[in-house]
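Colleague: In order, the protein sequences belong to chains A and B. For the first sequence, my numbering gives the first residue as 168, with consecutive numbering after it. For the second sequence, my numbering gives the first residue as 107, with consecutive numbering after it.
Derived by calculation from the structure, the hints in this document are not laboratory data. Heads up, a few of these hints could be off.
[Said to hold, decoys possible] With the C-beta cut set under 10 Å, the calculated list includes, among others, these residues of chain B facing chain A:
no. : residue
1   : Cys120
2   : Phe126
3   : Arg129
4   : Phe161
5   : Met163
6   : Pro165
7   : Glu170
8   : Gln172
[Stated by the list, open to error] Here are the computed lysine-lysine pairs in the DSS-like style, where the Cα-Cα straight-line distance is at most 25 Å:
no. : chain 1 : residue 1 : chain 2 : residue 2
9   : B       : Lys130    : A       : Lys172
10  : A       : Lys384    : A       : Lys399
11  : A       : Lys178    : B       : Lys109
12  : B       : Lys109    : A       : Lys172
13  : A       : Lys359    : A       : Lys246
14  : B       : Lys109    : A       : Lys348
[What the hints assert, rightly or not] Derived list of chain A stretches under chain B, where covered just means 3 residues or more per stretch with a C-beta under 8 Å from a C-beta of chain B:
no. : segment
15  : 176-188
16  : 191-197
17  : 342-354
Bear in mind that the values here come from a model prediction, so they are computed numbers and not experimental data. For every residue, glycine included, the Cβ atom is placed at its ideal position computed from N, Cα and C.
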Amino acid sequence: MAVFKRTPILKDQLTHYCPGCGHGIAHRLVAEVIDELGIRERTIGTAPVGCAVLLYNYFNCDVIECAHGRSPAVATGIKRVQPDKIVFTYQGDGDLAAIGTAETIHAANRGENITVIFVNNAIYGMTGGQMAPTTMLGQVTTTTQHGRGGQGEGPPIKVCELLSTLGGVCYLERTAVSTPKDVMNAKRAIKKAFQNQIDGKGFSLVEVLSMCPTDWKLSPAQSVDFVNEKMKPVFPLGVYKDQ
Amino acid sequence: MTKIRFETHRCKGCGLCVLFCPRKNLRLSDSLNEQGLSYPEEIDPDGCTGCGLCFRMCPDTAIEVQSPKKDNQDKQ
């Protein structure tokens, strides 16, 4: 009997996410991986600031809320004090690639044995759709009303490419949650990132391209097409580092 | 017999399950749930193959699928 149903790692609680948001799918993948690896009792998550700020309401494992962008620093502390625990951070693009750039880069460069789930929707979701570091050239946001230009605003930061040059990084992969195939691939990548930590290999980051229908001003179906047609050419999927 | 169950109170009516159903066997209902949103329903109760793509794409884990076929839960 094949059964597809909600894993007990996710609480029976409605999420606050907008209809069609990719966070719900990413939450399910992380929860299923924790369940399948049997590490629930020793897993500690860190919640970001951003749309996923209420992550601790949805996961049936220990979660610490971090200051904006400081999840890798908090995760470093937890992992160094309690090396037997499995520590993951769940961060958005405003959290990881803007205010938390320093923490991210240095945690990666030190090769901290943590798992980072990076949800990239190319926009600031919670605050109302402002330009994020990962916003694409020409993309209209509330602070780039004529589209992001390369002059003065710069091109989007590509986190996987950026971190792939650092020596301490073990595993980098960019995935998406915009098609069933991508969802299954994202789960495989997240599972590998957690397994790397269990094996003590070092810093693993999985980037997940996700939908934001509300702030993109698109329907859920249109935002799926937006990820597939606009985001994937700018942020190519694939493994960027695997040691 | 494949059974598909919708927890309609969880549904936000995004329609991703309808979009990705390979048999096009789902549609959004005319009636509304507690939140005032349409929720998916099966067009043909015998048309579901139990592939689970609707479950995989549902952001709100509002769908449960039970299929008598071989265990194809994605244990990757």
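Colleague: All hints, please: hold or fail.
Modeller: Status of the hints after comparison with the structure:
1. Here the hint on B/Cys120 is kept, as its CB sits about 4 Å from the closest CB of chain A, short of 10 Å.
2. For B/Phe126, the interface hint holds, since its Cβ comes within 10 Å of a Cβ in chain A; the closest pair sits about 6 Å apart.
3. Here the hint on B/Arg129 is broken, as its CB sits about 13 Å from the closest CB of chain A, past 10 Å.
4. With its C-beta approaching chain A no nearer than about 4 Å, B/Phe161 sits inside the 10 Å limit, and its interface hint holds.
5. Given hint, B/Met163 at the interface with chain A, holds; its Cβ is 6 Å from that chain's nearest Cβ, closer than 10 Å.
6. Checking B/Pro165 against chain A by beta carbon gives a least distance of about 3 Å; that is within 10 Å, so the hint holds.
7. With a least beta-carbon distance of about 4 Å to chain A, the hint placing B/Glu170 at the interface is held under the 10 Å criterion.
8. Checking B/Gln172 against chain A by beta carbon gives a least distance of about 5 Å; that is within 10 Å, so the hint holds.
9. For the hint linking B/Lys130 to A/Lys172, the alpha-carbon distance of about 21 Å falls within 25 Å, and the restraint holds.
10. The straight-line distance between the Cα atoms of A/Lys384 and A/Lys399 is roughly 19 Å, inside the 25 Å bound, and the hint therefore holds.
11. A hinted pair counts as satisfied when its Cα atoms are at most 25 Å apart, and A/Lys178 with B/Lys109 qualifies at roughly 23 Å.
12. Using a Cα cut-off of 25 Å, the hinted pair B/Lys109 and A/Lys172 holds, with the two alpha carbons roughly 12 Å apart.
13. Simply put, A/Lys359 and A/Lys246 have alpha-carbon atoms about 18 Å apart, close enough for the 25 Å limit, and the pair holds.
14. A threshold of 25 Å between alpha carbons decides the hint, and for B/Lys109 with A/Lys348 the separation of about 23 Å falls inside it, so the pair holds.
15. Given as covered by chain B, the segment 176-188 of chain A passes the check, having 8 residues with a CB less than 8 Å from a CB of that chain where 3 are the minimum.
16. Given a C-beta distance limit of less than 8 Å, the hint that chain B covers the segment 191-197 of chain A holds, as 3 residues qualify and 3 suffice.
17. A stretch counts as covered by a chain when three or more of its residues have a beta carbon under 8 Å from one of that chain; for the segment 342-354 of chain A and chain B the count is 5, and the coverage holds.
Figure legend: structure checked against the earlier numbered hints; the only hint not met is number 3.
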